[in-house]
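Asker: Chain by chain, the residues run as shown.
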Amino acid sequence: MLKKEQNDLVTQTGPGTPMGDLFRSYWLPILLSEELPENDCPPVRVKVLSERMIAFRDSEGKLGLIDEFCAHRGVSLWFGRNEECGLRCPYHGWKFDTTGQCVDVPSEPAESGYANKVKLKAYPLIEKGGVLWTYMGPAETTPPEPEWEFATVPLNQSFTSKRLQDNNWLQAMEGGIDSSHVSFLHRGDLNNDPLFKGAAGNKYNLADSKPVFEVVEAPGGLYIGARRNAEEGKFYWRITPWVMPCFTMVPPRGDHPIHGHFWVPIDDETCTAWSFDYHPTRPLSDNERQAMKDGKGIHVRYVPGTYRPLANKDNDYLIDREAQKAGRTYSGVEGIGMQDASLQESMGPICDRTKENLVGTDNGIIMARHRLMRAAKALHEKGVLPPGRTVEDMKVRSAAVILPPDQPYKDAAKEALIAKVGVKQTSV
Amino acid sequence: MLLSESARVTTAQEARFRIQTPNSKPRAVKVIALDSEAARLVDDISKKPWNGAAFFKSLSFEQSGDDNVKAWLNDLAGHTSDLVGEVANADCVVVIAGAGEDAASVSVIAELCNHYHKTLIALVVPQGSYEQDTVDRSLKALRPHAKMLVIAHERDYIEAMLTALRA
Numbered sequence: 001m002l003k004k005e006q007n008d009l010v011t012q013t014g015p016g017t018p019m020g021d022l023f024r025s026y027w028l029p030i031l032l033s034e035e036l037p038e039n040d041c042p043p044v045r046v047k048v049l050s051e052r053m054i055a056f057r058d059s060e061g062k063l064g065l066i067d068e069f070c071a072h073r074g075v076s077l078w079f080g081r082n083e084e085c086g087l088r089c090p091y092h093g094w095k096f097d098t099t100g101q102c103v104d105v106p107s108e109p110a111e112s113g114y115a116n117k118v119k120l121k122a123y124p125l126i127e128k129g130g131v132l133w134t135y136m137g138p139a140e141t142t143p144p145e146p147e148w149e150f151a152t153v154p155l156n157q158s159f160t161s162k163r164l165q166d167n168n169w170l171q172a173m174e175g176g177i178d179s180s181h182v183s184f185l186h187r188g189d190l191n192n193d194p195l196f197k198g199a200a201g202n203k204y205n206l207a208d209s210k211p212v213f214e215v216v217e218a219p220g221g222l223y224i225g226a227r228r229n230a231e232e233g234k235f236y237w238r239i240t241p242w243v244m245p246c247f248t249m250v251p252p253r254g255d256h257p258i259h260g261h262f263w264v265p266i267d268d269e270t271c272t273a274w275s276f277d278y279h280p281t282r283p284l285s286d287n288e289r290q291a292m293k294d295g296k297g298i299h300v301r302y303v304p305g306t307y308r309p310l311a312n313k314d315n316d317y318l319i320d321r322e323a324q325k326a327g328r329t330y331s332g333v334e335g336i337g338m339q340d341a342s343l344q345e346s347m348g349p350i351c352d353r354t355k356e357n358l359v360g361t362d363n364g365i366i367m368a369r370h371r372l373m374r375a376a377k378a379l380h381e382k383g384v385l386p387p388g389r390t391v392e393d394m395k396v397r398s399a400a401v402i403l404p405p406d407q408p409y410k411d412a413a414k415e416a417l418i419a420k421v422g423v424k425q426t427s428v
Numbered sequence: 001m002l003l004s005e006s007a008r009v010t011t012a013q014e015a016r017f018r019i020q021t022p023n024s025k026p027r028a029v030k031v032i033a034l035d036s037e038a039a040r041l042v043d044d045i046s047k048k049p050w051n052g053a054a055f056f057k058s059l060s061f062e063q064s065g066d067d068n069v070k071a072w073l074n075d076l077a078g079h080t081s082d083l084v085g086e087v088a089n090a091d092c093v094v095v096i097a098g099a100g101e102d103a104a105s106v107s108v109i110a111e112l113c114n115h116y117h118k119t120l121i122a123l124v125v126p127q128g129s130y131e132q133d134t135v136d137r138s139l140k141a142l143r144p145h146a147k148m149l150v151i152a153h154e155r156d157y158i159e160a161m162l163t164a165l166r167a
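Protein sequences appear in the order of chains Y and A.
Taking this note's numbering, the leading residue of the first sequence gets 1, the next gets one more, and so forth.
Taking this note's numbering, the leading residue of the second sequence gets 1, the next gets one more, and so forth.
Be careful, since some hints might not be right.
[As the list claims (entries may be wrong)] No farther apart than 30 Å at their CA atoms in a straight line, the calculated lysine-lysine pairs in the DSSO-like style are these:
1) A/Lys47 - Y/Lys414
2) Y/Lys203 - Y/Lys420
3) A/Lys140 - Y/Lys355
4) A/Lys140 - Y/Lys420
5) Y/Lys395 - A/Lys140
6) Y/Lys410 - Y/Lys210
[As the list claims (entries may be wrong)] Ranges of calculated distance between the beta carbons of each label pair, as one might list FRET restraints:
7) A/Gln20 - Y/Thr281: 36 to 42 Å
8) A/His79 - Y/Asn192: 54 to 60 Å
9) A/Ala12 - Y/Lys203: 40 to 46 Å
[Claimed, not checked] Selected chain Y positions facing chain A (Cβ under 7 Å, derived; list incomplete):
10) Gly16
11) Glu214
12) Glu217
13) Arg308
14) Leu310
15) Gly348
16) Thr354
17) Leu358
18) Asn363
19) Ile366
20) His370
21) Gln407
22) Pro408
It should be emphasised that the hints constitute simulated quantities derived from the structure, not laboratory data.
No residue lacks a Cβ here, since even glycine has one placed at the ideal position from N, Cα and C.
Make a model of the complete structure from these sequences and hints.
Answerer: Here is the structure:
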């Protein structure tokens, strides 16, 4: 349970808010490279942290992320002509380059220098791992560029998708660190989904729906260990890293690719759920890649031509009550990604946490909120840069291990939780 | 196009119609310090306003006449109460251990929590500049017993957790 003012603090990420400042301390994924596939391709509308922008790739391949609206009369530059190293407003021909600088005002003499005095707000946009990333904070505190493992392995070893989700970022992210829901909500998929089935660890998940938790603070966030009984008195541990503010990873299953998420606020009532799969040491197989494109695992199928899930609130998530009754799916919604999204959206645009009743096993969520609030206040009030910005913080992995009962996972699985080039994931 | 049921009810406007009647009753949370370090923390925390949480600074044992051992909880006002009764009437039991301190008495509390089917949450609180092995010792002592085990580096986390649990 949070007080209303605490809930407001952690859910509001617009300009000038404490949590907005916090988010503006990190590189955030905002577009897939496929959305700006070539030089001079059509520009794309982007809204992140309640700011509306236009992204484009100019004639030389430079990436730009600028204020959506023309400085002249406020026309959306989504209608712009992407030509000759700039985006030209079709209304009166004003043109802007990737830095937001106005480079041409046709109605004014070029010699007047009028264009030089006009500049749209712009943020850096970089490409890494098939994803376009932006940093919206002060230039002097720019963190190292993204070094997340999924974004640094060769592209044939990874698959990244995104979907729009109609609720606040936090209730989506909290699903990513809530390990105990897997034994219920996703139990129908553990043995059926091509990207999950066959792993030895699945049987422990299905047999033990009351895991025991151990929450350990990491410099950049948390490790949340969920312990279930295995054979001979040993424990099956699934270890979920959370790195501030919105990166989570799902513990792996067998030799299936590892996966995880970024939960990026679009505004306070919608977010983008980024889903990535990668294998640290081998290319994804054709079957794996096809399954991901088909919406298996943590990915979803789309309404054609959009990143909106095909099963969405407008069609009641295509809920199948017979499948629910028969146990083929636990909630009646198909697909792990939409099982999560449908329930999270059902909480309303911004979950009212004053009404919730948390229990002891929710301590991962409680601690994540606590760290977020603490860091946001420290940054907003004292200028203290938040955790989770270093390369080391980004070099994390999830892990699944079987350990003797007397071994703490934070020590026994220490190496397994660090991403290392050419080293396979630790999984069961 | 007609809106689906889900589309209609997930708007901010519809969220206003959520029933405002409280959806839970106050819970009985028992917070027990396992050592003197933890007792100091519990003493401080107990001074905040809580929803009926009970705070105990120590656990003591007394040999009773029939060769049984009786366990007593000592609260901050100097009163004692029966551990069995407190656990039996709890919704949730939280034990707090200073890193490296003797946490052996948790086994008695855990046994009762098992008996009465109560959730036991254990917090390890490192003090100042601590050695990692002191934390590890505490974790080792608490791990077999706790349903949820947390290292609370930041002291105010204990308050945040108790607030989140409506203690």
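Asker: Identify whether the interface hint at Y/Gln407 stands, where standing means a beta carbon of chain A within less than 7 Å of its own.
Answerer: Since the shortest Cβ distance to chain A is 10 Å, the answer is violated.
Asker: Taking the least C-beta to C-beta distance, is Y/Asn363 closer than 7 Å to chain A?
Answerer: holds (5 Å)
Asker: Holds or violated: Y/Glu214 as interface residue toward chain A, Cβ cutoff 7 Å?
Answerer: Where the cut-off is 7 Å and the nearest Cβ of chain A is about 5 Å from Y/Glu214, the hint holds.
Asker: Under the criterion that the straight-line Cα-Cα distance not exceed 30 Å, is the pair A/Lys140, Y/Lys420 satisfied?
Answerer: holds (29 Å)
Asker: Mind checking the hinted window 36 to 42 Å against the Cβ distance between A/Gln20 and Y/Thr281?
Answerer: violated (54 Å)
Asker: Does Y/Lys420 sit within 30 Å of Y/Lys203, going by the straight-line distance between their CA atoms?
Answerer: holds (28 Å)
Asker: May I ask you to test the interface hint for Y/His370 with respect to chain A, counting a Cβ-Cβ separation under 7 Å as satisfied?
Answerer: holds (4 Å)
Asker: Verify the interface restraint on Y/Pro408: the C-beta must sit less than 7 Å from at least one C-beta of chain A.
Answerer: At 6 Å from the nearest chain A Cβ, Y/Pro408 passes the 7 Å test, so the hint holds.
Asker: Holds or violated: the hint that Y/Gly16 contacts chain A, with Cβ atoms closer than 7 Å.
Answerer: Check failed: Cβ of Y/Gly16 comes no nearer than 21 Å to chain A, outside 7 Å.
Asker: Are Y/Arg308 and chain A close enough, Cβ to Cβ, to be under 7 Å, as the hint says?
Answerer: Nearest chain A Cβ about 12 Å off; hint violated.
Asker: Does the interface hint hold: is Y/Leu310 within less than 7 Å of chain A, judged Cβ to Cβ?
Answerer: With a minimum Cβ separation of about 14 Å from chain A (threshold 7 Å), the hint on Y/Leu310 is violated.
Asker: Is Y/Lys395 close enough to A/Lys140, meaning Cα to Cα at most 30 Å?
Answerer: Since the Cα atoms of Y/Lys395 and A/Lys140 sit roughly 28 Å apart, the hinted pair holds (cutoff 30 Å).
Hint violations for this structure: numbers 1, 3, 7, 10, 13, 14, 16, 21, all remaining hints satisfied.
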